[in-house]
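Protein chains: 2
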Amino acid sequence: MTKQFHGHTLSDDALDQIFNEARTYNGWLNKPVSEDQLRHIYDLMKMGPTSANMQPARLVFVTSEEGKTKLSELASEGNQDKITAAPVTAIIGYDIDFHEELPWLFPHADAKSWFEGDEEARKANAKRNSALQGAYMIIAARALGLDCGPMSGVDLDGITEHFFADQPRVKADWVCSIGYGDPDTIFDRSPRPEFGKFTSFA
Amino acid sequence: MTKQFHGHTLSDDALDQIFNEARTYNGWLNKPVSEDQLRHIYDLMKMGPTSANMQPARLVFVTSEEGKTKLSELASEGNQDKITAAPVTAIIGYDIDFHEELPWLFPHADAKSWFEGDEEARKANAKRNSALQGAYMIIAARALGLDCGPMSGVDLDGITEHFFADQPRVKADWVCSIGYGDPDTIFDRSPRPEFGKFTSFA
Numbered sequence: 001m002t003k004q005f006h007g008h009t010l011s012d013d014a015l016d017q018i019f020n021e022a023r024t025y026n027g028w029l030n031k032p033v034s035e036d037q038l039r040h041i042y043d044l045m046k047m048g049p050t051s052a053n054m055q056p057a058r059l060v061f062v063t064s065e066e067g068k069t070k071l072s073e074l075a076s077e078g079n080q081d082k083i084t085a086a087p088v089t090a091i092i093g094y095d096i097d098f099h100e101e102l103p104w105l106f107p108h109a110d111a112k113s114w115f116e117g118d119e120e121a122r123k124a125n126a127k128r129n130s131a132l133q134g135a136y137m138i139i140a141a142r143a144l145g146l147d148c149g150p151m152s153g154v155d156l157d158g159i160t161e162h163f164f165a166d167q168p169r170v171k172a173d174w175v176c177s178i179g180y181g182d183p184d185t186i187f188d189r190s191p192r193p194e195f196g197k198f199t200s201f202a
Numbered sequence: 001m002t003k004q005f006h007g008h009t010l011s012d013d014a015l016d017q018i019f020n021e022a023r024t025y026n027g028w029l030n031k032p033v034s035e036d037q038l039r040h041i042y043d044l045m046k047m048g049p050t051s052a053n054m055q056p057a058r059l060v061f062v063t064s065e066e067g068k069t070k071l072s073e074l075a076s077e078g079n080q081d082k083i084t085a086a087p088v089t090a091i092i093g094y095d096i097d098f099h100e101e102l103p104w105l106f107p108h109a110d111a112k113s114w115f116e117g118d119e120e121a122r123k124a125n126a127k128r129n130s131a132l133q134g135a136y137m138i139i140a141a142r143a144l145g146l147d148c149g150p151m152s153g154v155d156l157d158g159i160t161e162h163f164f165a166d167q168p169r170v171k172a173d174w175v176c177s178i179g180y181g182d183p184d185t186i187f188d189r190s191p192r193p194e195f196g197k198f199t200s201f202a
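Taken in order, these protein sequences are the chains called A and B.
Reading the first sequence from the start, the letters are residues 1 to 202 in full-length UniProt numbering.
Reading the second sequence from the start, the letters are residues 1 to 202 in full-length UniProt numbering.
A few of these clues could be false.
Unchecked claim - For each label pair, taking beta carbons as the anchor points, the in silico distance ranges come out as:
1. B:Thr84 <-> A:Glu73: 45 to 55 angstroms
2. A:Glu73 <-> B:Pro183: 49 to 59 angstroms
3. A:Glu73 <-> B:Thr69: 52 to 62 angstroms
4. B:Thr84 <-> A:Pro32: 46 to 56 angstroms
5. B:Arg192 <-> A:Ser76: 33 to 43 angstroms
6. A:Ser11 <-> B:Lys31: 50 to 60 angstroms
7. A:Pro32 <-> B:Lys31: 38 to 48 angstroms
8. B:Pro32 <-> A:Asn30: 43 to 53 angstroms
9. A:Gly78 <-> B:Thr69: 43 to 53 angstroms
10. B:Lys3 <-> A:Gln167: 31 to 41 angstroms
11. A:Glu66 <-> B:Thr185: 42 to 52 angstroms
Said to hold, decoys possible - Derived, one-sided and incomplete: chain A residues facing chain B with beta-carbon distance under 8 angstroms:
12. Asn20
13. Ser51
14. Val62
15. Ser64
16. Ile96
17. Pro103
18. Trp104
19. Ala131
20. Gly134
21. Ala140
22. Leu144
23. Pro150
24. Pro191
25. Arg192
Worth flagging that the hints you see were computed from the coordinates, not collected in a lab.
For every residue, glycine included, the Cβ atom is placed at its ideal position computed from N, Cα and C.
With the sequences and hints as input, model every part of the structure.
Given below as structure tokens:
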């Protein structure tokens, strides 16, 4: 039986940890992130919902000095030092042929057939759902006491070519550093919209 | 000073609530969701990071009988009853002209100028970042003891035309019911990939 949590709100501390006090860091403490921590992040993020459980995200965890140097060369000037200083930067890519995996990822139905022959629909689904997965990754990392620094100021074609060379149907979409954020490297939090500004009822 | 949570992992119960035991529901208990709850969801999700704090998501919370009937008519057959039974279904749209809001959303820099005259870049950013925001919405709802049922089997053009008629630069991208999930309406959880299947190191 599935556990349900109806009417139960996480503690204020937990909400602070994953949303209210979590920040995007521009610099990192000199403290490593282990493979076990990355496994734990992935094992949480993969539980988040994607359409037909398609799980189109393909991740490269850049942890080696060589990988960081290469990735930083493919980032905008303002992002280069962030990447070399971070213990890990994840590249979030998406697989345009994710539907090949659906027979085992979504055994309830012949979901593969829904996407065959329609590359445009696959691209739209792969982009949307891999972005969801990236957001789950950010929340999962925060839930484990880590911080994130997502970035889209990077050369996506160059990153695709270098880091997904062995996966010709995968395209890089954005990158996200993971580590222990240095509190001296953040600015004041940017303003957030009031409820009603970008929401309505129907 | 920003609160930090380095090395602090959320409790197993909290991780179960937002990831491990949370499920996508196909049916809903007859129990309302209040406007205060939707405000709380929004006030959490808006704290999640978006590129240059662009916050491109535009949400319509469909709560009226009339709205639900119309939205269900614009959904695939398998999704119609889910929408009429749910207390709320959120339409997640994105604003292609989000950059007009950047002078107040991102006061640190002239971020509006980065996007002027490049509608393709704005579309890619709006889609990616509104998807992140939708994922934050799902986690926020779960963190408050609610369940979600995201769906992409809908007529996006029809929904855009009807529900964003007053916002010509906004496009609907997917929808997500919010409520108290009926545990009798879920199947076995679909398989999840092992670490290493869709991840690698560099």
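**Item:** Range agreement (Cβ of Ser76 (chain A) with Cβ of Arg192 (chain B), hint 33 to 43 angstroms)
**Value:** Distance hint for Arg192 (chain B), Ser76 (chain A) holds at roughly 34 angstroms.
**Item:** Beta-carbon spacing of Gly78 (chain A) to Thr69 (chain B) - inside the hinted bounds 43 to 53 angstroms or not
**Value:** Given a distance of about 49 angstroms, which is inside 43 to 53 angstroms, the answer is holds.
**Prompt:** Should the interface hint for Val62 (chain A) be scored as holding, given a Cβ-Cβ cut-off of 8 angstroms against chain B?
**Reply:** Check passed: Cβ of Val62 (chain A) comes within 5 angstroms of chain B, closer than 8 angstroms.
**Item:** Thr84 (chain B) versus Glu73 (chain A) beta-carbon gap, inside 45 to 55 angstroms or not
**Value:** For Thr84 (chain B) and Glu73 (chain A) the Cβ distance comes to about 53 angstroms; the hint holds.
**Prompt:** With 8 angstroms as the cut and Cβ atoms as the points, is Asn20 (chain A) at the interface with chain B?
**Reply:** holds (6 angstroms)
**Satisfaction of the hinted span 43 to 53 angstroms by the C-beta atoms belonging to Pro32 (chain B) and Asn30 (chain A)** = holds (50 angstroms)
**Item:** Distance restraint hint 38 to 48 angstroms, applied to the beta-carbon atoms of Pro32 (chain A) and Lys31 (chain B)
**Value:** holds (46 angstroms)
**Asked** Should the interface hint for Gly134 (chain A) be scored as holding, given a Cβ-Cβ cut-off of 8 angstroms against chain B?
**Response** With Cβ-Cβ at 7 angstroms, under 8 angstroms, it holds.
**Message:** So, as I understand it, the hint says Pro150 (chain A) touches chain B; can you test that by seeing if any CB pair is closer than 8 angstroms?
**Reply:** holds (6 angstroms)
**Message:** Given the hint of 42 to 52 angstroms, is the C-beta distance from Glu66 (chain A) to Thr185 (chain B) inside that range or not?
**Reply:** Given about 50 angstroms between the Cβ atoms, the range holds.
**Message:** Restraint: Leu144 (chain A) near chain B, CB-CB cut 8 angstroms. Satisfied or not?
**Reply:** Since chain B brings a Cβ to about 5 angstroms from Leu144 (chain A), closer than 8 angstroms, the hint holds.
**Asked** Within 50 to 60 angstroms or not, the Cβ separation of Ser11 (chain A) and Lys31 (chain B)?
**Response** violated (23 angstroms)
The structure does not agree with the numbered hints 6, 16, 17 stated previously, though it agrees with the rest.
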